[in-house]
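2 protein chains.
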Amino acid sequence: MYRAPVQDMKFALKSVQNDRPHLAGALPDEEMIDVILTEAGKLAGDVIAPLNHEADKAGGAKRLDDGTVQTPNGFVDAFSQLAEGGWTSMEAAEAFGGQEMPLALSSCVNEMWQASNMAFSLCHLLTQGLISALEHSANEAQQNIFIPPMVEGRWTGTMNLTEPQAGTDLAAIKTKAVKNGDHYLISGQKIYITYGEHDMAENIVHLVLARTPDAPEGHKGISVFLVPKFHINEDGSLGAQNDVHCVSIEKKLGIKGSPTAVLQYGDNGGAVGYLVGEENQGLAIMFGMMNHARFNVGLQGLALSDRALQQALSYADVRVQGTPLGREPKSPIIHHPDVTRLLGQMKAESEAMRALMIYGAALLDEAEGGDEAVSRRADFMIPIIKGWLTEQSLIMTSHNVQIHGGMGFIEETGAAQHYRDARILPIYEGTTAIQSNDLLFRKTMRDEAAEAKALLAEIATDAAQATGHDNEAIAQLAANLSLKVAEAEAGIHSLMARQNNPREIAASGVSYLMMLGTLTGGWMLLRQGLHAAEALALPEADTAFLHNKLASLRLFNALSLPQVSAHAETIMLAGTATESLNIAEWLA
Amino acid sequence: MYRAPVQDMKFALKSVQNDRPHLAGALPDEEMIDVILTEAGKLAGDVIAPLNHEADKAGGAKRLDDGTVQTPNGFVDAFSQLAEGGWTSMEAAEAFGGQEMPLALSSCVNEMWQASNMAFSLCHLLTQGLISALEHSANEAQQNIFIPPMVEGRWTGTMNLTEPQAGTDLAAIKTKAVKNGDHYLISGQKIYITYGEHDMAENIVHLVLARTPDAPEGHKGISVFLVPKFHINEDGSLGAQNDVHCVSIEKKLGIKGSPTAVLQYGDNGGAVGYLVGEENQGLAIMFGMMNHARFNVGLQGLALSDRALQQALSYADVRVQGTPLGREPKSPIIHHPDVTRLLGQMKAESEAMRALMIYGAALLDEAEGGDEAVSRRADFMIPIIKGWLTEQSLIMTSHNVQIHGGMGFIEETGAAQHYRDARILPIYEGTTAIQSNDLLFRKTMRDEAAEAKALLAEIATDAAQATGHDNEAIAQLAANLSLKVAEAEAGIHSLMARQNNPREIAASGVSYLMMLGTLTGGWMLLRQGLHAAEALALPEADTAFLHNKLASLRLFNALSLPQVSAHAETIMLAGTATESLNIAEWLA
Numbered sequence: 162m163y164r165a166p167v168q169d170m171k172f173a174l175k176s177v178q179n180d181r182p183h184l185a186g187a188l189p190d191e192e193m194i195d196v197i198l199t200e201a202g203k204l205a206g207d208v209i210a211p212l213n214h215e216a217d218k219a220g221g222a223k224r225l226d227d228g229t230v231q232t233p234n235g236f237v238d239a240f241s242q243l244a245e246g247g248w249t250s251m252e253a254a255e256a257f258g259g260q261e262m263p264l265a266l267s268s269c270v271n272e273m274w275q276a277s278n279m280a281f282s283l284c285h286l287l288t289q290g291l292i293s294a295l296e297h298s299a300n301e302a303q304q305n306i307f308i309p310p311m312v313e314g315r316w317t318g319t320m321n322l323t324e325p326q327a328g329t330d331l332a333a334i335k336t337k338a339v340k341n342g343d344h345y346l347i348s349g350q351k352i353y354i355t356y357g358e359h360d361m362a363e364n365i366v367h368l369v370l371a372r373t374p375d376a377p378e379g380h381k382g383i384s385v386f387l388v389p390k391f392h393i394n395e396d397g398s399l400g401a402q403n404d405v406h407c408v409s410i411e412k413k414l415g416i417k418g419s420p421t422a423v424l425q426y427g428d429n430g431g432a433v434g435y436l437v438g439e440e441n442q443g444l445a446i447m448f449g450m451m452n453h454a455r456f457n458v459g460l461q462g463l464a465l466s467d468r469a470l471q472q473a474l475s476y477a478d479v480r481v482q483g484t485p486l487g488r489e490p491k492s493p494i495i496h497h498p499d500v501t502r503l504l505g506q507m508k509a510e511s512e513a514m515r516a517l518m519i520y521g522a523a524l525l526d527e528a529e530g531g532d533e534a535v536s537r538r539a540d541f542m543i544p545i546i547k548g549w550l551t552e553q554s555l556i557m558t559s560h561n562v563q564i565h566g567g568m569g570f571i572e573e574t575g576a577a578q579h580y581r582d583a584r585i586l587p588i589y590e591g592t593t594a595i596q597s598n599d600l601l602f603r604k605t606m607r608d609e610a611a612e613a614k615a616l617l618a619e620i621a622t623d624a625a626q627a628t629g630h631d632n633e634a635i636a637q638l639a640a641n642l643s644l645k646v647a648e649a650e651a652g653i654h655s656l657m658a659r660q661n662n663p664r665e666i667a668a669s670g671v672s673y674l675m676m677l678g679t680l681t682g683g684w685m686l687l688r689q690g691l692h693a694a695e696a697l698a699l700p701e702a703d704t705a706f707l708h709n710k711l712a713s714l715r716l717f718n719a720l721s722l723p724q725v726s727a728h729a730e731t732i733m734l735a736g737t738a739t740e741s742l743n744i745a746e747w748l749a
Numbered sequence: 162m163y164r165a166p167v168q169d170m171k172f173a174l175k176s177v178q179n180d181r182p183h184l185a186g187a188l189p190d191e192e193m194i195d196v197i198l199t200e201a202g203k204l205a206g207d208v209i210a211p212l213n214h215e216a217d218k219a220g221g222a223k224r225l226d227d228g229t230v231q232t233p234n235g236f237v238d239a240f241s242q243l244a245e246g247g248w249t250s251m252e253a254a255e256a257f258g259g260q261e262m263p264l265a266l267s268s269c270v271n272e273m274w275q276a277s278n279m280a281f282s283l284c285h286l287l288t289q290g291l292i293s294a295l296e297h298s299a300n301e302a303q304q305n306i307f308i309p310p311m312v313e314g315r316w317t318g319t320m321n322l323t324e325p326q327a328g329t330d331l332a333a334i335k336t337k338a339v340k341n342g343d344h345y346l347i348s349g350q351k352i353y354i355t356y357g358e359h360d361m362a363e364n365i366v367h368l369v370l371a372r373t374p375d376a377p378e379g380h381k382g383i384s385v386f387l388v389p390k391f392h393i394n395e396d397g398s399l400g401a402q403n404d405v406h407c408v409s410i411e412k413k414l415g416i417k418g419s420p421t422a423v424l425q426y427g428d429n430g431g432a433v434g435y436l437v438g439e440e441n442q443g444l445a446i447m448f449g450m451m452n453h454a455r456f457n458v459g460l461q462g463l464a465l466s467d468r469a470l471q472q473a474l475s476y477a478d479v480r481v482q483g484t485p486l487g488r489e490p491k492s493p494i495i496h497h498p499d500v501t502r503l504l505g506q507m508k509a510e511s512e513a514m515r516a517l518m519i520y521g522a523a524l525l526d527e528a529e530g531g532d533e534a535v536s537r538r539a540d541f542m543i544p545i546i547k548g549w550l551t552e553q554s555l556i557m558t559s560h561n562v563q564i565h566g567g568m569g570f571i572e573e574t575g576a577a578q579h580y581r582d583a584r585i586l587p588i589y590e591g592t593t594a595i596q597s598n599d600l601l602f603r604k605t606m607r608d609e610a611a612e613a614k615a616l617l618a619e620i621a622t623d624a625a626q627a628t629g630h631d632n633e634a635i636a637q638l639a640a641n642l643s644l645k646v647a648e649a650e651a652g653i654h655s656l657m658a659r660q661n662n663p664r665e666i667a668a669s670g671v672s673y674l675m676m677l678g679t680l681t682g683g684w685m686l687l688r689q690g691l692h693a694a695e696a697l698a699l700p701e702a703d704t705a706f707l708h709n710k711l712a713s714l715r716l717f718n719a720l721s722l723p724q725v726s727a728h729a730e731t732i733m734l735a736g737t738a739t740e741s742l743n744i745a746e747w748l749a
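Keeping their order, the protein sequence lines are chains A and B.
Count along the first sequence from 1, then add 161; that gives the number in our numbering.
Count along the second sequence from 1, then add 161; that gives the number in our numbering.
Excised from the complex, chain A in its bound form:
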């Protein structure tokens, strides 16, 4: 069962607006927000969520002998409902039939799709990514041909990056593209193509990275092509199948409902592809969509975390096992102090993650206006959101299994599925190490830590202002945040001081990212706490919700924020320790 966390989403949207007025201007009115979130929540909870565990149990998507792929029971119908409800058009520009909703709002809806059924909703997510890429980089004719059917939910999109020898390292791509009149002929093999073949749409549009014959080696010789599964006639109707075929799908640890295809291009002379932008500009185009893609994977981490929390909470509320300390016999396990602690930690961290997600979305929205300071902050936050939220999802889905005890290890309960599903999140769209490198080198060292220090200064100011607040939960978190900011600053100074030894500081990159994730998560909760304290003073206040929101501040302060100190200490020491290992002798 999945129930969309509409109340916390609305609260988070309000809290972020307090500090980013631009968001208030971009959002529809409160009534409309409520309708959108409530209706999306119904579709997610009633239609999409019930398919999730069934799809997994049945073994997921299946490739048939003719090369087509059958998605699990109910997926085709659910995707039609997504389209019919207008949900596939939320983000796109009005010119292409979209609704141009701000990302901060559409992301709340996206959280629902991903939480209710990540394997199913990946298709929609990737299609939104492709629409956004084409809005930014395709020419008008391409936009008019390819975008509207995706906005309508009739076609879907994919990203074709990876090849067996080229995963993290896109410079190693070998797929070929040879010019042939107004198009190119594509040949090669792509792997790990999510929804590379399926039965939920009339056509599939592949965005393919490839090289032209005389392209420079490495990163600078990569171009991007649009390759439709079925040829498109002048009138928009579909023709024969293009020269691209699904040769297999992977047997994966999780998200089994989502077909992960190996696609073969050009077995019969070459697949027809259309160049996007100019030749050899492929990586720049891909980088242009990277922020949104990484943001969305972070969002998936939040989504699975909340789903795990909901399941753990439901189970802990009914399972009876022993008598909790100081409670009546037959009290359910939720009253065992360690179960309460685990659930409380999941609650506080999910709420911090959601707040950070909406903050990030608001920055991405606002950055479209061209404000450089906002862009810098958005660029800084993206690897944190991708890295921290996805790493957190491993812990949260693990906590859910733990709360289920032995039942958690039995596939029937579904807790194990979330644990398996989550494991891809810190890997795809750039591993946590890649995010950390990005944060450390591109986003911190390159500007002499100016943006990092600006962020810490902002947290320090908020913390200083809230220290001594009447509300004890706020005062306590604020005081502790001030201490942790100082430790984080020391960590950053230590990194800056070793700039000329990039190997050494790179070994601390993940700790640096996790430290800032935890710290900014605490910061977001502090802001939410201040908002909650104000809201409590209003006559119509939902005191139950607001008191437990303030409990989240205490829980995060006790259970999460101490990690900042540990990461700061590791940052100082990890480099020399790592370099002291003699790899050659170890392998001998």
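A hint or two may mislead.
Which copy is meant is left open, so a pair is good if it fits within one copy or across any two.
Below, simulated DSSO-like cross-link-like pairs (lysine-lysine); rule was C-alpha separation at most 30 angstroms, straight line [what the hints assert, rightly or not]:
id: 1; residue 1: Lys203; residue 2: Lys337
id: 2; residue 1: Lys335; residue 2: Lys381
id: 3; residue 1: Lys335; residue 2: Lys223
id: 4; residue 1: Lys223; residue 2: Lys412
id: 5; residue 1: Lys223; residue 2: Lys491
id: 6; residue 1: Lys491; residue 2: Lys381
id: 7; residue 1: Lys337; residue 2: Lys491
id: 8; residue 1: Lys381; residue 2: Lys340
id: 9; residue 1: Lys491; residue 2: Lys412
If you're looking for bench data, these hints aren't it; they were derived computationally from the structure.
Source: prediction; values computed, not measured.
Starting from the known structure of chain A, arrange chain B on it as the hints suggest.
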């Protein structure tokens, strides 16, 4: 591929002997140790390990329509080899055909079985547990009937504790035992019975918890019975099947090769069972074997961690992806700083875990002699070894997946299997919360933290002595351990000060356990470092091994020990934070 870590085992055995001379007296000579570890390593690496992933891929054990269970390909033969090699007799008393090897040595061999194939080797592990239980609690006649065939590897044993309503809470057990002459008739249903039915042995001996009709309610009314699958004739030959049947096996997240049975007793009048000890003494008997059982699950955590490390290391040594900072193009990913960091962390933590495992085994061996101080220390260490080593195995197996990148998420590589297999470890034989309660209340509060303080004092003394050591790795770790001991002491004082609020301190239990796990792991590495520094001075020193052992000290100091500070801070804050959550309002 699995290669037994013989060198590190021998080094760890030596290091522990330095501080616990009793172990030196109990162990065979060095040559014999070498032969034992080397031969076991061959069987584990050549025969048992290759079956592991194949069994998982093929879907694991299968129940046939006639109620029998077929283990995966090769298991039957491998189990015969285990028996024929004399490995099933290592631990048992000589009187029953055993070799009476000290646990510190047999545990190294057990690590190999569990690392090479945990699903397969669980059967052996449980059988050793049953042998040990019968040695302590059964009468002579029972011992002579049941133990020798298990020592020979012809029969295997199981533990039948759990029922659907009675997992962690054994007081809720309902299975009935009615006296009928010289035996009892058992009826009821038991779940989660590992190797409750299989085809690797002639007979299966179930140790079953049940209640007699007039037994007191709760914990005090539980008795223990031996129930053989096949009746045993006077001459030791086997008769007809007893009234116990496997009605299903579970579909699990991991250890799929190991059948987890639901056993139905007494559908035809009652299964014949023999009382062990006296009526209503069941829990005391189970508690008597608990230390060994929990120790062995901790050992499994170490085993899977080392297996994950070995796989990650092999992969990182061949996979090429991008050029590592400051290294030649085509250098494998092991040279990327964050991959080196992850592998180094896994190395240091595995070694700390192995040292702690052998230290715990030496304590359990020595405690058999009746020394109360040793018993207290053993009792104190068991929940730490069970809890910390199993929680660590989740992180280690996750790191292995991460190092594999996208390949880690594909089942074919096997990395995902270790991740799935490990997830049971912090659950069975008492969840981490149960271990933490045991450590906090029974082992710490009950003696006013005397044993806890004695342990910290010992660590502090070692650290003080090693501070200023010529070797920088040792000096650095020693100095930091002194600081961490002080933080841990403050944490314990804070718990003691709140003794009269057990709910509040219980919420910090897991942090308390993890803090002491990390701290004692660091302590073990400090001792190993001192041993390594001495060994380096010898002419025949293996300098490559020893230098990297010293690197483990630096790595643990940088990457693991900072967690002590975080846990100590959490201990202070978790109770009030957890209690501030209003559960009723949250659930409303």
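Find the hints from earlier in the document that the structure breaks and name them by number, from lowest to highest.
-> 1 and 5
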